[in-house]
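**Student:** Here's the letter readout for the chains.
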Amino acid sequence: MKNKSWHLDRRTFLMGTGVSLGLPWLDCMAASVPKDSQAKRFCAMYFGFGVSLPDEKSEQAKWRWFPKGEGKEYQFNDSLAPLETFRDRLTVLGGLSHPHGRKMGAHDTADTFLTGALMNEKSLNNTVSLDQVLAKANGDQTRFSSLVMSTDGGVGEPTRSSTLSYDAKGRPVPALNQPRRIFERFFGVGDADSIAERRRLKSQSVMLDRVLDNARSLRRQLGKQDQDKFDEYLSSVREIEERVETSQRWLEIPRRELRDEELQMLKLDSDENAPFAFIRTMYDLLYLAFRTDSVRVATYQITNMADGSSKAGKFPQLEGFKDSLHTLAHAWDKPEGAEILGKWDRLMTEQLSHFLERLASAQDQNGAILDNTLVLYGSSNSNTHNNNNYPLILAGGQNLGLKHGRYLKIEDKVPLSNLFVTMLDCMGTKRESFADSTGDLSELRS
Amino acid sequence: MVNDSKLLRLAILGAMSLSAMSFSLFAQEVAQTGRSFGETVLPIVRSHCSSCHGLQKQEGDFRIDSLATDFNADPKVAEQWQRILKALEKGEMPPEGAKPLRSAKRKKFKDAIAREVDDSIQKIGKNGTHSVPRRLNRVEYANTMRDLLGLDMDYGRDLPTDPPSQDGFYNNGQSLQMSAEQLQCYLDTARRAMDKVIVNGPAPKVFKHEFNKCNVGGWKGDVELSNRLGRQQEFIVKVVGDYPEEGEFVIRVKLSANLKQDIGFPLLEVSLGYRPDTEILFGEVALVEITDPTIEDARSTPEESKGEGESHHEPLEQVVELRGRVENFPLPVRGQGKFPGLVIKIRNAYDDGSPLPKGKKEKENGNKWVYPEEPNLPTLQIHSVEFEGPIFDQWPPLMHRQILFDSEQRNTDEKAYVAEVLHRFMSKAYRQPVEHSEVDRLLDFFISIRPEFPTFEETIRETLSMVLISPRFLYLMVPSNKDSGIDDSALAARLSFFLWSTMPDNELSEHATQGQLRDSDRMSQQVERMLKDDRSTQFVEQFTDQWLNIDKLENISVSPERFKGFDDRIKKEMRRETQQFFKYLLDQDLSAMNLLRSDFVVINEKMAKHYGIGGVWGDRFREVEVEPTLHRGGLLGQASLLLSNSTGRDSHPVRRAVWIRDRLLNDPPSPPPADVPTLKEADPNFGQLSVREQLEIHRSTDSCSRCHRSLDPWGIALENFDAVGRWRVEPIDATAIFPGGRKVEGFEQLREHLVSEYASQFAGSLVSRLLTYALGRKLELSDQPTVNKLTAEFAADGYQLKSLIQNVVKTSAFQYLGTAG
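For the record, the sequence lines run as chains G and C. Residue numbers are given in my numbering: position 317 of the first sequence equals residue 372, and the series is strictly consecutive. Residue numbers are given in my numbering: position 20 of the second sequence equals residue 22, and the series is strictly consecutive.
A hint or two may mislead.
[Unchecked claim] Simulated restraints, written as ranges between beta carbons of each label pair:
1. G:331 with C:222: 15 to 23 Å
2. G:179 with C:589: 38 to 46 Å
3. C:217 with G:239: 26 to 34 Å
Since the hints were made in silico from the structure, they are not lab data. What you are looking at is a predicted structure, and each value in this text was computed from that prediction instead of being measured. We treat Cβ as the ideally placed atom computed from N, Cα and C, and that holds for glycine.
Please work from the sequences and hints to get the whole structure.
**Tutor:** Okay, here's the thing in structure tokens:
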């Protein structure tokens with residue numbers, strides 16, 4: 056907590072106040088909550104297995120994901136054509152990848168897209184992801200510190216992760232995947248003036264304190280290895296304790312309500328059996344979370360590389376394609392395969408374009424939300440089995456210092472983490488380095 | 003961790019750049035591990051291994067020359083050398099083309115390693131193998147909450163999906179992590195449940211309504227609304243007014259079934275939901291097969307003689323009573339939407355698979371759909387449907403009274419009463435005796451929050467919610483005291499989560515309290531009882547799903563153009579087939595070798611149709627003998643695994659092969675290396691080649707062939723089956739050549755090959771997987787003696803699953819007395 060002036064001892068307040076409401080301390084807490092005058096947002100979207108990359112000279116060249124040309128002089132091929140209207144508000148990045156990723160199994164790199172860690176037989180431990188660094192640094196400015204979404208939900212298994220986000224210790228942050236649940240959590244009936252809600256939070260705080268006390272004494276009875284495992288529990292308790300503090304603080308600040316047309320556009324009952332409706336709903340929820348300034352950091356794993364064990368594996372088939380995503384991706388280098396995968400790439404781009412449109416159409420104090428948001432979109436395969444030359448789009452964030460309108464081909468020895476260093480800087484969370492970075496990508500700002 | 007000073011860097015030795023320091027380390031090392039290991043192993047490593055697994059190159063990401071050799075320092079040392087031992091035993095190393103290892107030298111090398119590894123296993127075994135505190139997984143949590151509270155609720159609704167372990171299990175303590183998100187869900191779920199379990203206020207008014215005919219107009223879709231239900235009719239009624247939005251309800255369907263010869267029974271499907279503007283949302287209440295108990299029906303037992311012609315008596319009128327909780331279904335928001343009301347939909351879900359007759363809209367009849375009768379199909383006649391809710395035995399309901407029991411004390415000494423309430427509830431929730439100090443701490447919480455809450459009941463709800471997020475509820479834990487083994491109540495919990503995926507019942511707890519579970523006979527009786535109990539279905543389902551990975555079925559999308567008319571609902575039946583097959587072997591004490599090859603299948607009507615087997619009617623799974631011409635019998639002929647290891651369009655020999663090697667033989671191939679080169683297709687028509695031919699090209703590529711040569715044949719021999727597991731009518735070459743030249747032609751020969759060459763490996767594999775599931779942890783090297791012993795007993799008992807289970811729970815690994823026994 057940065058602002059000591061309102062940092063009251065929780066226990067004192069809880070035990071001392073009884074049920075009286077409208078306490079002055081709450082006002083003082085509310086007053087000290089930073090305004091969203093410098094709202095800087097970040098979101099990252101990921102898809103698995105890469106894209107269609109037929110040779111530029113082949114007949115299928117128009118299905119090549121990367122554009123023709125370079126620098127400012129480039130033309131979108133068909134896969135990215137739906138982004139034409141945002142040409143000046145985005146940069147296509149070629150050549151980047153995580154050096155560690157190149158040493159990992161062909162399908163193992165979804166976990167490390169935002170972390171840059173090395174995961175292999177010797178160690179399946181991940182490290183902190185870009186979004187969680189941001190969430191940790193600035194998460195207290197909004198009601199929720201981050202929004203983590205994916206199609207499969209939960210965490211998946213190491214190397215077949217179903218989340219993009221990892222906490223400071225490299226532990227996966229479970230992703231939400233049910234639109235209705237996300238809606239309820241982020242936009243549910245405002246409990247701002249509900250006595251029950253306040254009571255609930257109060258008692259929860261006392262409860263967690265005690266749970267922690269009890270658990271600590273239980274911990275002492277365990278062996279060393281058990282203790283390590285048990286610490287997961289303890290840190291989870293501590294973390295929700297902190298959240299309770301945040302929630303109590305936000306309780307006094309009314310939630311921003313959704314407009315009727317926004318409520319109507321949400322298809323909360325959609326699920327992974329109707330992929331496009333589902334993806335659009337997830338994007339819409341993400342947009343609304345930004346629009347209402349409920350959160351400023353978000354990740355969304357649209358598809359992953361768990362193939363058969365993933366709900367996303369059959370997305371193309373459910374939308375009328377012949378094969379699963381993995382099979383489509385495998386066939387990119389066959390004549391008709393390049394076109395089929397290209398068409399899939401394009402449909403995914405349309406979804407992104409829709410999302411960018413929403414962000415562009417909504418305003419905060421500093422202009423269009425899009426211009427105050429870093430939107431990273433991409434995969435950790437160029438085409439299937441190749442962990443290099445990630446297809447990447449960085450959109451938005453012009454008010455945060457980005458210069459757009461180019462297709463940048465970057466030397467393949469430059470680690471993707473260099474981009475992350477620049478993004479952290481744009482977000483006002485300056486770090487000398489991130490993971491295996493060797494510098495930054497200053498060309499994005501010039 | 004290995005102490006760095008004890009690492010023996012053979013590379014340095016090999017390079018002859020010995021410093022005095024490392025030399026002295028070497029001397030010390032040899033002294034500790036015995037002269038023969040160093041002397042035998044070093045020269046061979048240097049001459050045969052380190053050129054590919056050394057300083058310069060690390061093929062397969064494996065470096066041998068930096069391995070530690072102090073087996074006493076860390077159990078991991080033995081594991082690494084065990085890996086080398088396995089590669090030697092399987093003849094994988096040295097690989098073809100490398101400098102061969104003469105057999106005498108090979109033996110010396112192997113023996114030296116084996117001796118150290120065995121020694122090490124003995125030593126580790128004495129210290130006991132470790133098992134970490136294990137969080138209940140989603141299924142276990144939901145079952146446990148239900149059994150603890152007596153409330154049927156969708157407890158798993160908000161919980162993040164659990165991750166499987168690397169060997170496919172969802173109950174592995176190491177992979178089941180905890181996070182703030184997860185814990186918050188537990189708390190929210192506990193509060194949601196306690197709100198329902200502990201009631202306050204007067205009994206709610208009961209709503210009751212009976213319907214005799216459909217009462218909705220302009221229903222979306224093209225069904226015929228009717229009381230007589232064939233394939234294209236539905237009975238739909240809308241409940242309006244003061245229907246409950248929470249609590250248990252009952253739907254009573256009065257109906258009679260019109261049964262037909264040589265065909266299945268009608269399937270009553272009841273669902274509950276509503277219709278918002280754009281779609282129709284329903285949740286299934288139940289799917290019940292309607293038979294007529296007054297008619298002797300031979301259809302469910304096809305081997306017996308058929309019944310004698312059409313039965314002449316009037317169809318029996320019967321009442322089917324179904325229960326659920328209203329809030330578990332999609333509910334309309336009161337006062338909103340164009341189509342208010344709670345809708346009950348009743349269908350006859352029986353479908354013989356024949357083409358559906360075309361219907362027409364009747365102009366004179368309000369533009370309603372009408373379909374021709376199908377006289378050969380069984381129908382249901384709905385006489386009435388009654389909806390009643392909320393229902394309860396008395397007020398407050400039993401689940402409430404079980405916690406807030408009647409007592410004088412409640413009015414005279416609230417504190418003492420609450421202490422007793424908490425004590426009872428905690429003992430049950432923690433599956434262990436609870437100390438008074440623990441109760442006191444919780445009582446203290448109750449007292450501290452009591453003034454904040456308006457009612458006693460609300461305070462109790464909140465207090466009990468705290469119990470439900472305690473680690474003692476959420477985790478299965480064992481104390482660190484290794485000498486005494488786990489205490490009896492922890493053993494009871496382990497047993498019930500193994501066989502029931504839920505908490506122990508009263509009888510089992512009772513035995514634990516009385517300290518009787520250590521008695522081998524008592525233990526056996528309990529296992530016997532538990533396996534007979536319905537809850538053991540959980541074991542059958544969870545274990546077969548996870549061991550065989552057949553839940554993956556749901557994620558395979560079957561190509562509608564390739565398989566016209568494929569009904570996705572059959573996937574559930576496929577999964578059930580495998581589960582029921584396993585259950586049949588378990589219940590009937592048949593040999594587990596039937597999993598590899600059997601002369602019978604366990605199927606129901608739907609699966610029989612899928613396989614083209616005639617004369618099997620109804621939903622019930624039963625044993626059916628199969629002729630060789632039907633090409634079934636054993637796991638390899640089951641659609642569940644064939645489909646889940648296909649692309650949904652084509653068979654996928656590599657996936658099927660990996661499945662056999664991993665799941666049946668416990669010998670998973672190494673994962674493909676990083677950045678596999680794409681196949682530079684020499685053949686421009688690569689895309690047009692058959693899978694088999696593509697694989698041949700695959701195997702001729704150097705970097706692929708090393709693994710695929712020994713892998714692919716397993717899947718190729720199953721090419722007789724298409725993606726959805728049907729026997730192919732078109733001719734196909736399913737001839738597989740294993741390394742060494744062994745030729746296996748198709749499914750039948752593959753089964754023979756497995757039974758004749760791999761029976762003991764399969765048995766060992768099944769034992770390992772069952773033990774892994776029972777212990778909720780990955781097996782370690784030190785478990786090897788336990789696996790070996792169990793496998794020997796398994797074989798001696800004629801591979802009966804029940805005796806295997808009996809033996810598993812008696813191992814010291816399960817009872818946590820160390821693993822030496």
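**Student:** For every hint, state whether the structure bears it out.
**Tutor:** Against the structure, the hints:
Under the hint 15 to 23 Å, the C-beta atoms of residue 331 (chain G) and residue 222 (chain C), about 22 Å apart, fit the expected range. Take residue 179 (chain G) and residue 589 (chain C): their Cβ atoms lie about 39 Å apart, and the range 38 to 46 Å holds. The hinted window of 26 to 34 Å between residue 217 (chain C) and residue 239 (chain G) holds, with their beta carbons roughly 32 Å apart.
The structure fails none of the hints (numbered hints given earlier).
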